[in-house]
Amino acid sequence: MLTKLLSGDSPRSVILSALLIAVLVCLAFAPFLFPGVRALETAATICIFIVLAASYDLLLGYTGIVSFAHTMFFGLGAYGVALASTHMGRGFDALIVGTVAGAVLAAILAAVIGLFSLRVRAIFFAMITLAVASAVAVLVSQMSGLTGGEDGLNYKIPRELTPAFKLMDDKLFGVRVNGKLLNYYLVFLASFALVLVMLRVVNSPFGRVLQAIRENDFRAEAIGYHVVTYRIIATCLSAAIAALAGSLYAIWLRYVGPDTTLSFEIMLDILLMVVIGGMGTIYGAILGAVLLVLAQNYLQDLMEGAVPAVEGLPLLPELLSPERWLLWLGILFILSVYFFPTGIVGRLRKPRA
Amino acid sequence: MTRTLLQTEGLTVRFGGHVAVDAVSCAFEAGELTAIVGPNGAGKTTYFNLISGQIPASAGTVTLDGQDITRQSVAQRCKAGLGRAFQLTNLFPALSVLENVRLVIQAHAHQGVNLWSTAISHTELTEAAEAVLERVRLADQAHAVVSELSHGNQRKLEVAMLIALDPKVYMFDEPTAGMSVDEAPVVLDLIAELKDQRDRTVLLVEHKMDVIRTLADRIIVLHNGALAADGDPETVMASDVVQEAYMGKELEDV
Chain A
0 MLTKLLSGDS PRSVILSALL IAVLVCLAFA PFLFPGVRAL ETAATICIFI VLAASYDLLL
60 GYTGIVSFAH TMFFGLGAYG VALASTHMGR GFDALIVGTV AGAVLAAILA AVIGLFSLRV
120 RAIFFAMITL AVASAVAVLV SQMSGLTGGE DGLNYKIPRE LTPAFKLMDD KLFGVRVNGK
180 LLNYYLVFLA SFALVLVMLR VVNSPFGRVL QAIRENDFRA EAIGYHVVTY RIIATCLSAA
240 IAALAGSLYA IWLRYVGPDT TLSFEIMLDI LLMVVIGGMG TIYGAILGAV LLVLAQNYLQ
300 DLMEGAVPAV EGLPLLPELL SPERWLLWLG ILFILSVYFF PTGIVGRLRK PRA
Chain B
0 MTRTLLQTEG LTVRFGGHVA VDAVSCAFEA GELTAIVGPN GAGKTTYFNL ISGQIPASAG
60 TVTLDGQDIT RQSVAQRCKA GLGRAFQLTN LFPALSVLEN VRLVIQAHAH QGVNLWSTAI
120 SHTELTEAAE AVLERVRLAD QAHAVVSELS HGNQRKLEVA MLIALDPKVY MFDEPTAGMS
180 VDEAPVVLDL IAELKDQRDR TVLLVEHKMD VIRTLADRII VLHNGALAAD GDPETVMASD
240 VVQEAYMGKE LEDV
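Chains as they are written, first to last, in numbering that gives the first Met the number 0: chain A, 0 to 352; chain B, 0 to 253.
One or more hints might be untrue.
[What the hints assert, rightly or not] Listed below are several chain A residues computed to face chain B (Cβ distance under 10 angstroms; list not exhaustive):
id: 1; residue: Asn215
id: 2; residue: Ala219
id: 3; residue: Glu264
id: 4; residue: Asp268
id: 5; residue: Leu270
Hints are computed from structural coordinates only; laboratory data are not their basis.
For glycine and all other residues, C-beta sits at the position ideal for the given N, C-alpha and C.
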């Protein structure tokens, strides 16, 4: 049953299994284990970025395609929900229409970009995606009548998914059972399902062809696989899943803006999540996303806590001051790439390689 | 009785002003093993590349079993029944030996775009792949990662992938290059077996004269991209053009 759920792709490492189970349990019971608004925000962000990073891994790790347009697809899903909710009024129908439209549009756009650039060389695709993603980001910030520009869009989602909706009068284990809780579980369950779907895809015959293309596209063609077709299908699939993650993010935040969905920083974050976690494993994207989102949200607190401990020492309090958190994040990245060139998962699966 | 499986008609490719393959017209019959010889740079591998589609032809046609494939892509030619093993080992290094062969069989079974079932659940594909590995005596290495395989075993895998493809036309480009003396016969026996299937044809680029003597039914000689000689081994080897042009030098290697 479990093997079937994971599509026969077990973590193949005791530590990795333990880590993954810990992540699953923490996210599944996050509202009860870590009470508080901020913890719940972090947990939902982790869920969504797991999906986003894993969908990027489908491209980068499995097919060997470098894309810089992943946030654009993420944004398409998010803006889909936002625009539908703005123009159709609050309601589940708006959410569904926005989500489906975003995903379909993302897949079509990915197919068009792929048809133009994947026929030539993989590096060309990277350049084109960079250009298209920048153009879209500029468009979104300029067309403020439609997209709200730099301010983004605020909109209403169905009442059932907001804190105002009460399911029970009493608290359950000290937690209010309201729409926010429902919203979290919508995000969690959808993310969980999407990760399982991706595991399924990468372990399917199709997934094996993608790996073959990554390893040796010349030979893949010579044994009868039309490489361009496979690359385009992979790109569309990855774009559609990224858009779904974007829709979830929009439903969760009740706000979209260029900074939360389209910015280049998010693109770099996704890249780092996949590389640090371990490319071509899906599980790596999970760990990478957890690590990065946690670091972004709690590293400052951690540093704040550390300052009194080193008071009186030279230089250290300066370095540990919370404003310097990006410095430490950078150092963490360099160290992790240096010590785990194959990512955390690669390292765990082959400890002494 | 004999059937022409592969035919090139005036096949030519020019790189700038240099004519690498010059109007080669040749037919290959079923049940025949043709050795393609010639000095380095004679255009043997380029001729192969033109047939299998890695390089587009400047002029001329390639016909596979009556079907014009000159304008087809590499993948289409492969599906039409053209199988090629490469001179430089050309595999999927990070995947297992079994997976390399399985991918070939999967392509054949048109399962490539299957996104939903798990690959390992297709036991019939896996069993077919294991059977091929058994034939090339690589079964004990089935789960080894290709990049960790010895050179000889990588060459065997190269042959195994071609066998798994089960094409009408087998193309081998120096299949025993760099193999040890005790490993080479396994591969050569396999090629001989393929030749005995009467409805296939085998093309073999080879430098080793002893190999050619034992295996070839026919030899064609390429020189400066053009067809210099064509016939049964004794005649070709004895012919003046071959002796004078370069066979003398080649024979020293034996």
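Contradicted hints - numbers only: Result: hints 3, 4, 5 break, sorted rising.
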